[in-house]
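Starting from the two chains in their separate frames, assemble the complex, guided by the hints.
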Amino acid sequence: MKYFILGHAGRILFPALIILSLIVLYRGHNLPGGGFIGGLMAATAYILVGLGSTMQAAKAKLRVDPVTLLAVGLAIAIISGLPGMLGGDPFLTGEWLPTFYLPLLGAVHLGTPLIFDVGVYLVVIGFTLHTTFFLSELAESDTEEGTD
Amino acid sequence: MPVSLLISLLFIFGAALVAPSLCRLFKDKGGCLLSLAPFAAFGLLLSQSGAIAAGESIRYHIEWFSSLGCAFSLRLDGLALLMGLLVTGIGGLIVLYASGYMHGHPRLGRFYLYLLSFMGAMLGLVLSDNLIVLFVFWELTSITSYLLIGFNHEEKISRWKALMALLTTGLGAMAMLAGFLIIGQVSGSYELSEINGMGDLLQGSPFYTAMVLLVLGGAFTKSAQVPFHFWLPNAMAAPTPVSAYLHSATMVKAGVFLLARLNPSLGGMPLWENTLAIFGSVTLLLAVVLGLFQKDLKAILAYTTLGVLGLLTMLLGIGTEYAIKAMVGFLLGHALYKAALFMVAGSVDHETGTRDVTLLRGLRRLMPITAMAGGLAALSMSGLPPFFGFIGKELIYKAGVKLGGLELYFLVAAFVGNFLMMALALKAGIGPFFGKENNDALPKKPHEAPVTMWIGPVLLGVIGLVLGLLPFLVTDSIVAPAIGSILGGAIPEIKLALWHGFNLPLLLSVFTVAGGFGLFMLRGKFWAVADPVRAAIRPWGAEAMYERIFNGTIWLSKAQTRCLQTGRLHDYVFMIVAVTVGFLIWAIVNYGGLQFEMDWAQFDPIKVGLVLIMIVATIVAVTASAYMTVLVALGTVGFGVALIFVYYGAPDLAITQLLVETLTVVLFMFVILRLPPLKSMSSMATKIRDAILASTFGGLMTLLVLKAVNIQFDHAISEKLAAMSYPEAKGKNVVNVILVDFRALDTLGEIVVVAAAALGIAALVATGFKKKKGAAS
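Chains A and B, in that order, are what the protein sequence lines are.
For the first sequence, position 25 matches number 25 in this note's numbering, and the numbering has no gaps at all.
For the second sequence, position 505 matches number 505 in this note's numbering, and the numbering has no gaps at all.
This is chain B alone, in the form it adopts within the complex (with noise of 0.2 Å):
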């Protein structure tokens, strides 16, 4: 049914609204209860998984902007299921887990709030049918994930970190945006379920080449593609419940996710392979050799989750059907075990109270359902048979063998990836639990997790093993239609096996055993290293370049405050008005230059005289030495002005204006009273300077006014307004009926910011003056 896709989405953000009040009725239990959200929305997914490997793809669509051409859609295929259901499903794992590993925290109610509102926002992304609708999605899991990895606040470096995160990707979604919007333009459709038949339209198009590389913005910086790698560590910062769900299962996976969606689109080109490819193959060395060097166990386990998203980018690049299949079977073997293992190394933490490897080992006879979770998962991780992860490494093997010349080379990279991570794996699942007892070293006495903190490792690691035994209980239903999805045709026939006979594929993964079980042997020499060689490389990183790039966009905004914002009311005005004449002066040039004509004729001795009183008072407001000279002159132009309106038949005008004006002289006079007397306080240059740039502004206006009355106008707005005053508003005066009929929404508008303005007035006078009370008391 089309609708339990909005029904599942409604689910999860429903809980994290509840999620709150939850909390505080029920304390440690509310996480149990919300729990059972996304498992509901697991389920409903699940029970459509039957239409979905026949072939079927499910479509929910309401209109929303329908003439822009974005519609809330929905859609399940395939690739959607396999990332729906492991939002859902590891995230209700996760819920469950941070109920323990949270327990007592006195802001477990917005945790879950941000926690739910994430998941919902991940579920929304990769259900979404419509690109903007995507968008919206996307930049939802960033400020959630902002959120979540601040979620420490007290913290300086947790707020550092985060915002560190939330810049990285957000910029890059700015990228993907434009992409977006270009592929809209050029397919005239933003339904990726219509655009994916539209790849040769695309592809043949000359914007083809910036569509990719923005798009790949978006998607290089979400899923930490080198040279955007450096988030993905400092993320960290957060709980490790989010820790394990971002990493492992979500946020992270967001852009191979939009990689794999624009595939049957954007894919198949030498650019789009050839990008992914080398691109995702850096960031997998690069991940697994600085992995070497952590000694903390979530940094080792976060430097794998990058090794894992530049391989799985890689096989995207290549492309070939066996690269794909790899690429889904690594995904989904992936998400089992990494979150798993964060999981534990989270109750390792928990429970003994610190992640560096270099103190933990032993631990298995104190915590030993933990540590049966762990070995599990790092076996799977390990890619040793009879585990999934066995399954997913052999893909990727025989994808690569059947690579020839120059791409051999990401054969050889997927080898040395494969086998530093099994090393990493061992390192983070079992270093900490084997060896002798080291429990005195540690800050606190270690005893097993509560069974809200295991049951959600144990289930992920025997999953795991079992769908490494009988992987044909996912390989029709969920793994088969994914390929389908992303190499944008028929669901293919596919047999996922453990045992395929003796070939190469199978003696790489012996070297790949061999080597990562030596390297975890040599673990010791890394860590010895550890710190002089990550100060070493420090200074030449992607981080420090961030920090560069950040800390010289603040001393470039400082400078330009300094500059522009100087605190001096004669330098705003004085900028204000040269900008407007430097503008008027464009605008007459650009726009016909002068042209009018006078018409003597206009001229009455009652109009003269107006205008000459106004210019006496002009001359002297600017020339008078006290300010109640100055206030008696501006009123009098004002009242003049008044006048002027009265002569000219708009009274509603002029009653305005006098009632402002004597407003204003009431109001100026309570002000006057506060403020020093009027001195002189600029040189003659100043003056003069002021002199011509306020003549020429004036003269400018002046003329302005004049070329304005002579272009033609159409005056059919006016006329029509006036005749349908009355018959359609019933009331004769047509300004009024403007101001709340026609136009009634401006004039809300407008009172909206009278009423905002009323507030900041107070408040702005108020600051100066509590400073002066206090100063004096």
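Same shape as in the complex, but just chain A (with noise of 0.2 Å):
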């Protein structure tokens, strides 16, 4: 562990963070939030376990290549739009389910506008750690070489 403070900080608020990111991914149709702040929260978890320890362990701890984050989310959002055209109606046109009610979340709307979201979420943080990974690999091959 490189950085105490940071790394504990890292590894304590990264589930916070990422329930954070979804919950304001979740409510961003009705209060402030939605896919772009919320990509970029859930972004945020990841670089800041990097900080603490290692930019690998990051990665380890996304699974998946942010590349493959990038495509699924256009996929997703792409997806979404289609709903709306076996309906006549254009492509990307809002279908909602019927609201209904759960414990805890009170009134719930579920419909391809917050599928799009998802999609958007996806695509933001893929670029943000896409671009992160590689900056900070491009850094550390530098510090090893002793270069500059």
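Heads up, a few of these hints could be off.
[Said to hold, decoys possible] Chain A regions said to be covered by chain B (calculated; three or more residues, Cβ under 8 Å):
id, region
1, 43-50
2, 124-130
[Unchecked claim] Straight line, CA to CA, 20 Å or less: simulated SDA-like cross-link-like pairs of lysine to any residue:
id, chain 1, residue 1, chain 2, residue 2
3, B, K295, B, G353
4, B, K607, B, G638
5, B, K730, A, F91
6, B, K732, A, I23
7, A, K61, A, Y3
8, A, K59, B, V671
9, B, K732, A, A107
10, B, K687, B, D571
11, A, K59, B, A766
12, B, K720, A, T93
13, B, K730, A, N30
14, A, K59, B, V666
15, B, K732, A, G106
16, B, K730, A, Y101
17, A, K61, B, V666
18, B, K687, B, V622
19, B, K730, A, T99
20, B, K687, B, G698
21, B, K730, A, A107
22, B, K730, A, P98
23, A, K59, B, I761
24, B, K732, A, L110
25, B, K29, B, P450
Hints listed in this document are in silico derivations from the structure and should not be mistaken for laboratory results.
Glycine included, C-beta positions come from ideal geometry on N, C-alpha and C.
Given below as structure tokens:
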């Protein structure tokens, strides 16, 4: 562990940040939040873990390649536009399930715009982490070689 | 049936799609299977000829961009039927021929894919009834012919010549599109069947000259009229089946076809007639004279093709009913014999290994069938009775002797063109097969070509003979309807025959034959001086001009790239900001100048404090001497902006700004580790220059914001979106509803950009990274 405080903070805050990002993603339709902000939060959680130990650890925690996230996110966003077309509406028309009630969450609205937002969420995570991991690798390789 | 037009197109494009897999499965036999598609389309079109001969036309129509007046409409009339039959019929024979010529070629499947796509595009072109659809197919023929001409892409010269054809015809097509748009604007329709009824409206329009010149730009480049003729002989870099197809029935005829198509609407005016007739006649004469000095079998044929294109254009320009009759007859005859001659030339090349006519002679014993086909085609081309070519030539002379005064020049041009063309025909079709055998000088021991390679030329040669003897087979069913559509009226009563009695045209024919044969006997004299003559005229030719323009364009683009793309980020930023400042000043001056009121009551201590902190942080960022300080200072500015968002009640923006700011600082940290220590690289003068520009930019932006605040916005849109948000999209956060519902397509576009940027960043950085790694290890 390179940095004591950052390392512990990363370990403890990580699950909380991920859950927070999911909440922000879900509530985005009615309150400040949404896929973009949620995605940035989730990416921050991984970066925090990486700063505390190594980016390798953060990468291991993510399990999948960020590029896969980009692709899956785009695919989800595109697929979310199709149900509307089945009903004869234009591509990306929002379609909603009937509202139902769940304990804790209260009234639940589920619809294709939420799925679309999940796509945005994944693309943002993919973009941020792909760039971060890449730049960090560059920085680490330089330190190893002892140049600069 | 109207739908048969679409089906015939689908046959050919379908065959193109399955060509690669068929060739993998059946090797060379794939070509024989594929030839069924064009023959089927040929049959389908031929089955419609009864209706066409009766004066009907068949129209197939699907709505496409109806708001732009652009429908996918096809129409079969006399002209389209003639061209469609040539495209599919000769196309089928070429596909068969190629299966022998390209025998065992590793990229056979790809070759057929290109060839059949070209064929489909060409058929679509002649069938289209909509100018925009016609343009799309036109461009498709350019692209596919580029792939075909450059098929031997390992050779640099092939690529260069293919590019020459693409650039020349592509540039012309741009002009043509502009012409089409003007026609569409003036007439209010892009449907050819409607436009052709509006000749008076178009010819009375002040834009008539513009539309004619622009359309001619497309037609002349495609049909290789002077001064755009140079690409056609160069296109001989293509494999011979391609040359046989492109230069007999199709590609190069597209320009002539377009002129004939538009003749009812644009024709009849002096501008149209004189331009066509003069450019056509010059092309004819230039081509046949240059052709005399060629020693390559394919080059000789290419120059005769050029000559024929000139002749056809000239006849269209003369525009009398006789001239149009001659044009249609000649077009049909030429397609038959020229395809045959090219295929014969390809067989000779294939079996002997050379196309040099000074080496080729006496092959008739070893290649008897090919020799017969070549002889039939050459005699038809020479215009000897009883071949169809004779009828075509008689028609030309008949049209010519009706002219008077200055126009007699065209008769002279036709006569000179014809007898030189006859000499070239004999050189290409007869010369290689007669005379003393010369087999030892040839690179390969010749023998007869395989059946797939002689069936096409023999068939075409025989058709040329049969149609000459029995012209009534095509007179009423094909030739007369085509003349009708070019003249834009009812189908005329015509009679084609070999014998019209002793008259002036016959006398001219006799002189033509005598002159042509005489020149043929003198061919050795021309070949002896061929190389020096060609070398001498080359620097003044159109091709040299093309090269100069091409190299000049490249020089210009290099020069301006050197000037604008310095490779220094500093310069780029300077340029971007300077241009923006220029536009800002222009916009402010042009749109009402500055008018704004300051509401000093707005300034409360919190806002003023935030702004002061940000100003101080900015000054620190500019003057700091360590990266870390700059980073912290910039972060401070960013967080200040976020707080201002909070203050004005934009929580979504504020959260995003905070997160982005945090991540930016983290990402910068990684980069900073790689950078050398911050040094001052600029001189004092540069710094002062940058400072002035930066403060001007900042000041202008401030003024712009102040001005924007004071402009009365129409609040209707934002209010409407806010009101619609919950009932329509079940969301109370309007910002998010706009992002994921109302304007979801925009967001989709944005995340695609984000994904592409992620991959781009990796690629950009990785290039430098690997280079460095390679140098270190």
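We went through each hint and held it up to the structure:
1. 43-50: holds (count 3)
2. 124-130: holds (count 5)
3. K295(B) / G353(B): 15 Å, holds
4. K607(B) / G638(B): 15 Å, holds
5. K730(B) / F91(A): Within the cut-off at roughly 18 Å; holds.
6. K732(B) / I23(A): 16 Å, holds
7. K61(A) / Y3(A): Holds. K61(A) to Y3(A) sits at ~18 Å (cutoff 20 Å).
8. K59(A) / V671(B): 19 Å, holds
9. K732(B) / A107(A): 14 Å, holds
10. K687(B) / D571(B): This hinted pair holds, its Cα atoms lying about 13 Å apart.
11. K59(A) / A766(B): Distance ~19 Å between K59(A) and A766(B) Cα, so the pair holds.
12. K720(B) / T93(A): 18 Å, holds
13. K730(B) / N30(A): 8 Å, holds
14. K59(A) / V666(B): Given that 20 Å is the threshold and the Cα spacing comes to 16 Å, the pair holds.
15. K732(B) / G106(A): Since the Cα atoms of K732(B) and G106(A) sit roughly 16 Å apart, the hinted pair holds (cutoff 20 Å).
16. K730(B) / Y101(A): Holds - the C-alpha atoms of Y101(A) and K730(B) are around 15 Å apart, at most 20 Å.
17. K61(A) / V666(B): 19 Å, holds
18. K687(B) / V622(B): 11 Å, holds
19. K730(B) / T99(A): Holds: K730(B) and T99(A) sit about 10 Å apart, inside 20 Å.
20. K687(B) / G698(B): Given that 20 Å is the threshold and the Cα spacing comes to 16 Å, the pair holds.
21. K730(B) / A107(A): Cα-Cα ~12 Å, so holds.
22. K730(B) / P98(A): 11 Å, holds
23. K59(A) / I761(B): Judged against 20 Å, a Cα distance of about 18 Å means the pair holds.
24. K732(B) / L110(A): Status holds; Cα separation ~14 Å.
25. K29(B) / P450(B): OK: K29(B) and P450(B) at ~13 Å, within 20 Å.
Hint violations for this structure: none, all hints satisfied.
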